[in-house]
Amino acid sequence: MEPLQSPASMDVEAAPAEPNLPAKPLFAPLKAHEMSDGRVQFRKVSVPPHRYSPLKKLWMDIYTPVYEHMRIDIRMNLKARKVELKTRRDTPDVSNLQKCADFVQAFMLGFDVPDAVALLRLDELYVESFEIKDVKTLRGEHLSRAIGRLSGKGGKTKFAIENATKTRIVIADSKIHILGSFANIKIARDSLCSLILGSPAGKVYSKLRAVSARLAERF
Amino acid sequence: MVNPEEAGLQVLHRLKSTDPPIWLAPNPSLSQETRAASLHLFSSLKPFSPKSPFDHLLVDGFDAEQIWQQIDLQSQPLLSSLRRELRRFEKDPGEISNLFGDGEASEGKGKGRGGGGGDVKESQRGNIDDLGGVGMEVDGFDEIDEDGDSDEEEDGEEEGVEDRGVEGGESEEGEEERNDGGIEDKFLKIKELEEYLREDEAREYGLEDATKKNKKEKKVVTSDSDEEEEEEEEEEEGDDDELGEFDVDDEDDEGKDKLGIRYEDFFGAKKKKVTQRKPKSSDELGYSTDDDEEEENGADGNKGNHNLSTHEKELLDLKAKIEQMEKSNLEPKTWTMQGEVTAAKRPKNSALEVDLDFEHNARPAPVITEEVTASLEELIRSRIREGHFDDVEKPPSLPTKGPREIKQLDENKSKRGLAEIYEEEYAQRTSLASAPLSFSDELKKEASLLFKKVSLKLDALSHFHFAPKPIIEDMSIQANVPALAMEEIAPLAVSDAAMLAPEEVFAGKGDLKDETELTQAERKRRRAKKKRIHKTAATKRMAKKGRETAANRSEGKEE
Chain R
1 MEPLQSPASM DVEAAPAEPN LPAKPLFAPL KAHEMSDGRV QFRKVSVPPH RYSPLKKLWM
61 DIYTPVYEHM RIDIRMNLKA RKVELKTRRD TPDVSNLQKC ADFVQAFMLG FDVPDAVALL
121 RLDELYVESF EIKDVKTLRG EHLSRAIGRL SGKGGKTKFA IENATKTRIV IADSKIHILG
181 SFANIKIARD SLCSLILGSP AGKVYSKLRA VSARLAERF
Chain E
1 MVNPEEAGLQ VLHRLKSTDP PIWLAPNPSL SQETRAASLH LFSSLKPFSP KSPFDHLLVD
61 GFDAEQIWQQ IDLQSQPLLS SLRRELRRFE KDPGEISNLF GDGEASEGKG KGRGGGGGDV
121 KESQRGNIDD LGGVGMEVDG FDEIDEDGDS DEEEDGEEEG VEDRGVEGGE SEEGEEERND
181 GGIEDKFLKI KELEEYLRED EAREYGLEDA TKKNKKEKKV VTSDSDEEEE EEEEEEEGDD
241 DELGEFDVDD EDDEGKDKLG IRYEDFFGAK KKKVTQRKPK SSDELGYSTD DDEEEENGAD
301 GNKGNHNLST HEKELLDLKA KIEQMEKSNL EPKTWTMQGE VTAAKRPKNS ALEVDLDFEH
361 NARPAPVITE EVTASLEELI RSRIREGHFD DVEKPPSLPT KGPREIKQLD ENKSKRGLAE
421 IYEEEYAQRT SLASAPLSFS DELKKEASLL FKKVSLKLDA LSHFHFAPKP IIEDMSIQAN
481 VPALAMEEIA PLAVSDAAML APEEVFAGKG DLKDETELTQ AERKRRRAKK KRIHKTAATK
541 RMAKKGRETA ANRSEGKEE
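So the sequences go chain by chain: R and E.
According to UniProt numbering, the residues represented by the first sequence are 1 to 219, in order.
According to UniProt numbering, the residues represented by the second sequence are 1 to 559, in order.
Just to be clear, a hint being listed does not mean it is correct.
[To be verified] Listed below are the simulated DSSO-like cross-link pairs for lysine-lysine, each with C-alpha atoms no more than 27 Å apart in a straight line: (1) Lys415(E) with Lys56(R); (2) Lys57(R) with Lys453(E); (3) Lys415(E) with Lys401(E); (4) Lys469(E) with Lys57(R); (5) Lys156(R) with Lys203(R); (6) Lys540(E) with Lys524(E); (7) Lys207(R) with Lys153(R); (8) Lys469(E) with Lys203(R); (9) Lys156(R) with Lys413(E); (10) Lys56(R) with Lys24(R); (11) Lys415(E) with Lys453(E); (12) Lys82(R) with Lys469(E); (13) Lys545(E) with Lys56(R); (14) Lys453(E) with Lys469(E); (15) Lys545(E) with Lys207(R); (16) Lys203(R) with Lys415(E); (17) Lys509(E) with Lys207(R); (18) Lys153(R) with Lys453(E); (19) Lys186(R) with Lys524(E); (20) Lys544(E) with Lys529(E); (21) Lys413(E) with Lys57(R); (22) Lys529(E) with Lys57(R).
Since the hints were derived computationally from the structure, they do not count as laboratory data.
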C-alpha cells in the first residue's frame, strides 16, 4: 500500500533533496508457496488404463526427479486413478509444478520417462497432439494403412523422423503426440502429415534430410 | 568366126575414131555401131565369165537399159573373180612370173577384164585406194589408156585386151612396185592398210553411203548406149567433185557393182527413202529426223544433182529439220511431256515403259547378303575381344567441392533420451563439449585405429630401429596397474616395469586340461555339469515368465 502509493505521488521536479521519502523497497522473489497467498497449489493428472501398469513399474523413475529435483510432492490416488502433485514450501519456482504436471502428462500420453524428463530440464519443449482425422478423413482400411505408413516397418519411419528432428513421437490409434521444441515439432508434424496424405516414405526421408541439414547448419 | 571378130574390131575402131562431140547428139548409126561392138565384146568375154545365161548379147530391138542389164549379168561375177585373182597376185607377186610362163590363156584369165576398156580402168581404180593413191590412179588411168590404144590397133581383141591387161597390170604392178619400193617393207603393206581402211570406213558409214560410192564408181564405166555416154561425161565432170567430197566412199563400191551406173543408184534410193520415211514418221522426233536427214542427203546426192553446193545441201537439211519440228509442234504432245498426268490420261501400262524418276528421301533398305552378315559378325567379335563397347558413360563431375556428407537417417530407436540429446546440443552451443562425432567420423576413427595397429607391427618387422608402442588414449579402469610407477632407464623391451604377476594375467582354478587330454570319465563329468547348469537356468526362466504373466493378469483384473 505504502510502497505503491509513494511512486505515484512522487514528483519529478523535486528530485534532489527529499529525505522524507523512504528507501527504495526491495522485494525478494515470491516463493511458489507464497504466490497464491500461502495456499498450496495442486495439479491432478488422470491415468489412462493402458498406462496404469507402466506407471506402477516406473513409479520410482517418475517420483525421484519430481520430488528430489523439482521439489514437488507427488502421489498416486488409486481410487480416483489420478496422480496428484502439490507444491511444498521449498519449491523454488512456481513453474516447477507446471513442469512436473506436464512431465506426468507426457508420461500418460505414452512418452518414455527419459524423454519426458527433458520437459523438466528444458523450458522450450512442448507436446503437440493431433488426430489423423484432422489431416484427412480416413475410414477403415485406409486409416489402418495410414497408421502403418506413419510407423513404417518395425517403426523405422517413426524413428527416422524422431532422430532427424530431435523429437519424440507417440502414435496411439488415430492420435499423434509429438514432443520437442517448437521448430522441430513443426518439421515432424509436416512429415507426419505428408505421410498421412499418402506420400511414400522415401520422399519424406529426402525432405527430412534436407530440412535437418539446414537446421544443423544454422547452429 | 573371124568375120564377126573382124567386124567387131572394125566397129570398135570406128567407135574409137569418132570425135567426142559426135557422142553428144543422138546418132542412130553410132548407136548401131556401138551395139555391134558391145555384142562382140560380150561374146569374146563369154568364155571367161563363169555363169552367163546368154550365149551372146541380145541387141536387136532391146532398149539401152535391157542391153545394159545383160552386160551387167555377165560382168558382175566376172569382176569378182578378177578381183580375187588380183588379190592373190598382190599377196604373192611370184605367181605373176608363173603366169607369164604359162601362156596367154591363163594370163587372160588372170588378168582379163570384163566389159570395155572402161571396166578395166574401173577395176584398177577400185583396187587402188583413193586415200593412198589418187595420183597413182590418175597415172594408172593415163598409162593404161596409152597402152590400150597402142595395143588395140595392132593385136586381136583378146590379145589386145590381154596385153593391155598385162601391160596395164604390169604398169600397175610397176607402179605399185615403184611406189611401194620406197614405203613398203615386209612389215608395212600399203595394200593391206588400204584394205583395212576401206573395211573400217564401210563399217563406220554403213550401207547408205554405198549408193554414193556406187555413183562415184560409175564415173569411168561406159557401155554402149547414149545414156552411158552421157553418164560417162557426167561422171567425168563429177569426178573432181566427188573425189573431193566422198573420199571415204571408195570401200563400199567393192560391195556393189564397180562397173556401171545402176538404176537404184539414181532412182531406187529415192523410193527407199520415201518408203522408209513413212514408218519412221511415227517414231520420236530426233530419231526420225536423223534418219530422214541421212536419207535426204543420200537422196539429194543420189538425184545426181551435183549442182548443189555444200551450203545448199546444209540448207536443205535444215529446212527438212525445221519442217519436221514444226509438224511435231502442231501435233498434241506425248503424255510424258504434258505435265501432271493422271492414269486416265495416259495409255494403259504406259508408265511401265517410261523410266520414271522418283526422289526417294528414305535410304533404301540394305540388302542383307552373306558378306554383310559376315562383316557384322566380325565387327562384333572384334569388339568383344577388345572390350570396346559403346556404353553410355556418365560424364565425370568435376570435384569443385568436397563430397558432401550425406546425413544418414538412423532408422533405429535412439538409445539416448531426448533430454540427453538436448543436453548435448546445449553443451555444444555453449562450447562446453566438442561436437559429437557423426557416424562416418566414428567409422573413420575406427579405421585409422586399425591401420595404426597394423602399421606398427609392420614397422617393427621392417625397420631396423626400435619404435615404441604408440599411446592410445583410452579412458578405462585398469585394476592390475602398480600403485607406483617408477621411471625406468632400461628400454621398454627389456624392462620389467609393466611386468604382471601370473595371477594378474590369468586367474583360473586347478589343473586345466585341454579337451583332447580329457579321459572318458572326465568328459562325461563335464557334460553332466553343463546339463545341470542349463537345466537350472531354464527352470529359472520359466518361473520368471510365469510370475510375470500372473502379475499381468492380476493387474488386468484390478484395473
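Legend entry - Numbers of unmet hints, in rising order: 2, 3, 4, 8, 10, 11, 12, 15, 17, 18, 19 and 22
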